[in-house]
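Spelled out, the chains give:
Number of protein chains: 2
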Amino acid sequence: MTAGEVTKGRAATGDATKKRVACVGVGNVGRAWAIVFARAGFEVALYDSAAGAVKRAVALIDRNAQDLESAGLIDSAAGLMAHIRPCEDLDEAVRDVIHVQESVREDVEIKREVFARLGDAAPVNATLASSTSALPGSSFLEDVTARERCIVAHPVNPPSLIPLVELCPAPWTSSETVESVRTLMREIGQHPILLKKEIAGFLLNRLQYTLVAEALHLVGEGYCEPEDIDAVLTHGLAMRWAFIGPFQVAHLNSTDGFAGFVEQLGGMMRTVGEDARTDYPWDATLINRIHERLAQKTPVADIPEAQLARDQRIMSLLHWRAGEYDGQDGDIS
Amino acid sequence: MTAGEVTKGRAATGDATKKRVACVGVGNVGRAWAIVFARAGFEVALYDSAAGAVKRAVALIDRNAQDLESAGLIDSAAGLMAHIRPCEDLDEAVRDVIHVQESVREDVEIKREVFARLGDAAPVNATLASSTSALPGSSFLEDVTARERCIVAHPVNPPSLIPLVELCPAPWTSSETVESVRTLMREIGQHPILLKKEIAGFLLNRLQYTLVAEALHLVGEGYCEPEDIDAVLTHGLAMRWAFIGPFQVAHLNSTDGFAGFVEQLGGMMRTVGEDARTDYPWDATLINRIHERLAQKTPVADIPEAQLARDQRIMSLLHWRAGEYDGQDGDIS
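In order, the protein sequence lines correspond to chains A and B. Going by this note's numbering, the first sequence opens with residue 1, and the numbers climb by one from there. Going by this note's numbering, the second sequence opens with residue 1, and the numbers climb by one from there.
A portion of the hints provided could be inaccurate.
Here are the simulated distance ranges between beta carbons [stated by the list, open to error]:
1. Asp75(B) x Lys297(A): 46 to 52 Å
2. Ala59(B) x Glu179(A): 20 to 26 Å
3. Ser138(A) x Glu274(B): 18 to 24 Å
4. Asp75(A) x Ser70(B): 41 to 47 Å
5. Lys297(B) x Glu263(A): 17 to 23 Å
6. Asp283(B) x Asp75(A): 48 to 54 Å
7. Gly79(B) x Asp62(A): 48 to 54 Å
8. Gln66(A) x Val108(B): 57 to 63 Å
9. Ala82(B) x Thr271(A): 51 to 57 Å
10. Glu142(A) x Glu198(B): 50 to 56 Å
11. Ala59(B) x Gln66(A): 49 to 55 Å
12. Asp75(A) x Glu198(B): 54 to 60 Å
The hints are simulated quantities; they were obtained by calculation from the structure and are not laboratory data. Glycine included, each C-beta is placed from N, C-alpha and C at the ideal position.
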């Protein structure tokens, strides 16, 4: 399987059928979603309520598509752009779509309003997904027409480069909706995981910020410098986590598997967990100290350039992953 | 810089000078250390108190060296093996060494005894480092001759593939020892980080098991399945952490840098940290449930094969990293 195929989604999907989807809200996340759907062959309607936003978004998507083409991750930027349909009207955007991906501002009132409109304007059998990273779906999906088709589908930014998507149903989301969106996400080359019930931060941000909270404790109490934390990941933990997650790492670290590993190291696991200070009361002084240290290496003025370098590295890593994939349902491990 | 150079250590080090080191204890960790020193051109004395252990270790090191040669990560397995000197006597092993790396069993009494002997047998200016992953150096380094030269240098297993080393001085470790061992670790191509004071689990295992503790909470309370946790890392978080750590990720996620990121998302960071249940009282039932789930994918009988596949992937990732390194002091980011 080539890197292009990995990030384009499964073979023989969209192009023949030209199924329609709509991306509502065209910030960083919404634009990246448009790329994800378009490269899988879907016709993507782009809509944003802000005047001129869609036009600007098309130019930015075009630039990102060029980057993906240069990196060898899509065959043709022009081919991708041919799947993008800018719309100035919401009703027009959602006409005949099978799915709407909402990526507007993280404001519960705005989301509530947008979903009320989507519920009335979109085909009643279209699934409606929110990209929210912080709000539980139940807080803004209650009063939508046919609300059982609504779900949270939280991507990692940008979904055009990072495949994980967290599906988090509201209490009233139907199992048909879950299965339909899960299938769709796989069809476009993403890796969906399913939360069985709502929890603040879903999985990704809970794991990320739990680790960061302990890291703030370690730096705040003078055990190490911020760059040491980063090095523990880049030169240590992530060299396995890039292809096997923490449970599988443990499973493979004992010839008796996970149970054997815990029998051997469960004491340390428990001690560290109990000893962790994820409720560490970090304050602005600590945050600013870490900021200054990071800014010594990457001054704030250089961040846009560093972001481009980061995205180039992720694209390079996608090529590496593609070489490692064994074709088993997109699972690297 | 080629992948071979990355893992062989810095250019123009050992071969000319043939500095001597000793690896005491020849389990997985000790043998991997022997490879790390040997490929950097040091003459490595191998010693273990168990009868026949050194001879068996040489055969296993040879096999690993062949794998590294096949993967293009060293030029010649035979060249590496020429640097390995098996010893049946501790005094002979530590003669004229500049450094001893101890990797015996994780037992405080055994370590104490081994270091007492090393302190008397090794040259008084040789640094003495322990590979312990769990024991604070102060618990077994107190009564060593010239104890100021003793330090913990905790690797990630296997150090021949993963470069991070955690240096953790005991209260009496001299700053000269810290600097000397730090320089040595860089010379052999590892990435040392320094803890400023002792803490249980050092940095790597604290960060790892804090995340795992919250993962056990999420699986234990039915939010998700174990494979979802693993997917969050492999298809999400680690796609950045493989080359930029969590603080730098945050720094680059805001055009105002880390401080700007925390201004925007500090609320979620704090909530997640306070809400994390790293003290979750996991029990054998939960551990066995996770084990069974992991064993569905990788049966216990297949673990040795899966370990080989894992190590092949790490070697492949080392090649990827080598392509991404910018030559700035081995720092990938």
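For this session: Check each numbered hint against the structure and report the violated ones by number, ascending.
Result: 1, 2, 4, 9
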